[in-house]
Amino acid sequence: MILTAILASLVPGALSTVVLALAFRAWRTDVPVDRARWALPVALTVAWSFGYVVLRGWPALPPVVANEWLFFLALGATAVAVAGAAWSAPSSLRWKAVRWAARWALSALVPWLLLQPMVAHTWTGSERWLWLGAVALAVFAVWSALESLARRVPGPSLPIALLLAVSGTAGALVVSGSALLGQLSGALAAGLGGVVLLTLRRPDVTLERSVMPVVATLHVGLVCLGYFYAELPAAAAVLLLAAPLAPWVAQVGPLRRLGSWSGAAVRALLVAAVLASALWIAFHPPETPPPADSDKDAPTHQYENDYSNLGG
Amino acid sequence: MRVRSFFAFAALMLTVGAMAGTARAAEPTETYDLDQQHSYVTFKVKHLGLNWSYGSFGHVEGSFTLDPGNPAASSFTIKVKAESVDTHVEKRDQHLRSPDFFNVKQFPWITYRSTKVAKTDKGYQVTGDLTLLGVTKPVTTDIVEVGAGKDPWGNYRTGLHAELVIKRSDFGMTWGVDNGVVGDEVRLTISVEGVRK
Chain A
1 MILTAILASL VPGALSTVVL ALAFRAWRTD VPVDRARWAL PVALTVAWSF
51 GYVVLRGWPA LPPVVANEWL FFLALGATAV AVAGAAWSAP SSLRWKAVRW
101 AARWALSALV PWLLLQPMVA HTWTGSERWL WLGAVALAVF AVWSALESLA
151 RRVPGPSLPI ALLLAVSGTA GALVVSGSAL LGQLSGALAA GLGGVVLLTL
201 RRPDVTLERS VMPVVATLHV GLVCLGYFYA ELPAAAAVLL LAAPLAPWVA
251 QVGPLRRLGS WSGAAVRALL VAAVLASALW IAFHPPETPP PADSDKDAPT
301 HQYENDYSNL GG
Chain B
1001 MRVRSFFAFA ALMLTVGAMA GTARAAEPTE TYDLDQQHSY VTFKVKHLGL
1051 NWSYGSFGHV EGSFTLDPGN PAASSFTIKV KAESVDTHVE KRDQHLRSPD
1101 FFNVKQFPWI TYRSTKVAKT DKGYQVTGDL TLLGVTKPVT TDIVEVGAGK
1151 DPWGNYRTGL HAELVIKRSD FGMTWGVDNG VVGDEVRLTI SVEGVRK
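If you read the sequences in order, they're chains A and B. Under our numbering, the first residue of the first sequence carries the number 1, and numbering increases by one thereafter. Under our numbering, the first residue of the second sequence carries the number 1001, and numbering increases by one thereafter.
For the record, the hints were derived by calculation from the structure and aren't laboratory data. Here a beta-carbon is modelled for each residue, glycine too, at the ideal position from N, C-alpha and C. It is possible that part of the hints are untrue.
Partial chain B-side listing against chain A, Cβ under 10 Å, derived [claimed, not checked]:
1. 1074
2. 1075
3. 1077
4. 1097
5. 1100
6. 1135
7. 1147
8. 1174
9. 1175
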């Protein structure tokens, strides 16, 4: 058990750190950020994928279980992120349109692939489109909000806040009945640990045009899996989705003028406050009525075992 | 004279054979629906390698067909609702229903459908497809016919019992296998009562 925990958490963290150290040449501080920006999503995905394989083994192709799709979605998000990091022509309208289209496409793909069993077995009619649309919107909103935040917040402040948000999500998922989903979130947190270390060494590194596709896909994907397939309460799920966005509050009013470490502390506290609420709800889920006794509804046969009829 | 005797003997043999075949064909195929309230699927699995942990499924349905004249044509189908898993500890049952184990919201049913049946002294040897977590694997088991007869309400019932051992990792259920918290080998006991249609 300890070996699995080490392999699924410490090793991903180490992998992420090594990839970033090599890409950014951590022994120097003059490597231009844009030249190595592609390494941020790659390091995160390498770390998380390693954790996935340790915990669950290689995913089947085509995937059989919903969480196996997450493995391939992470690869897709990495491709989008690397393309965004490599081609930085923000002023071009055509490139903006391509980036937005890619963001929408990936956002729509996340619920479509992860929630197919719900579409097949549970939802009917407009219900399926409402849920698929809502989750796609959540991916898009989290991604866009984080991308916008990343442009405004350099240094380790935002990576620390993200690390905290994802770690708290791991705890909530474990409490909600799925150790596997919690451990997968933990592997993502471990990967973010490498990003934190990089930004401590290179405070000029921002996370814009880099990790957010991967973070949004995996974080929203894992929360969705926890809500739809485990027992994560709805309110906790919403709070966990909002947790990485809590640092936006520190962009308002006098909080914007805080120094880098004060700002980092405030952002971390904001995330912690949201997480505390989510964890409390996960620990104290609302009472749900017991499942309907399906045997009661089962057709009673003509040979009903009414023992009171015996003996007259 | 010898030729005539030969043809008479051959005719007699053919007649006897035809009568036997007709008699065999006359034995009707019997189709049974499982009595859900008297059908059980239970399991045991090792916990930490120290002792057995037991559980059962509350919702079992299915049917079987017995062909006395041609046992190989018999068939057995059983469906278990994964959500009905019960180990008498609610938190553990919640974990079992999660993606770590039965992943019930994605795979609501566990099914077994026979593909090959052979008659044995005590019942049948059955090979069939067990589908768990979307993975289908062939599993062979001996089904024992425990008893058969009329019930007080005029229905004809047959009781069948089978035991089988599977490795849950073969079906992608790997949580707890590596660290030995939950054993890989699962011993299933299936005991069903069918009511003849």
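Hint-by-hint comparison with the structure:
no.: 1; hint: 1074; result: 22 Å, violated
no.: 2; hint: 1075; result: 20 Å, violated
no.: 3; hint: 1077; result: 16 Å, violated
no.: 4; hint: 1097; result: 7 Å, holds
no.: 5; hint: 1100; result: 5 Å, holds
no.: 6; hint: 1135; result: 7 Å, holds
no.: 7; hint: 1147; result: 16 Å, violated
no.: 8; hint: 1174; result: 6 Å, holds
no.: 9; hint: 1175; result: 6 Å, holds
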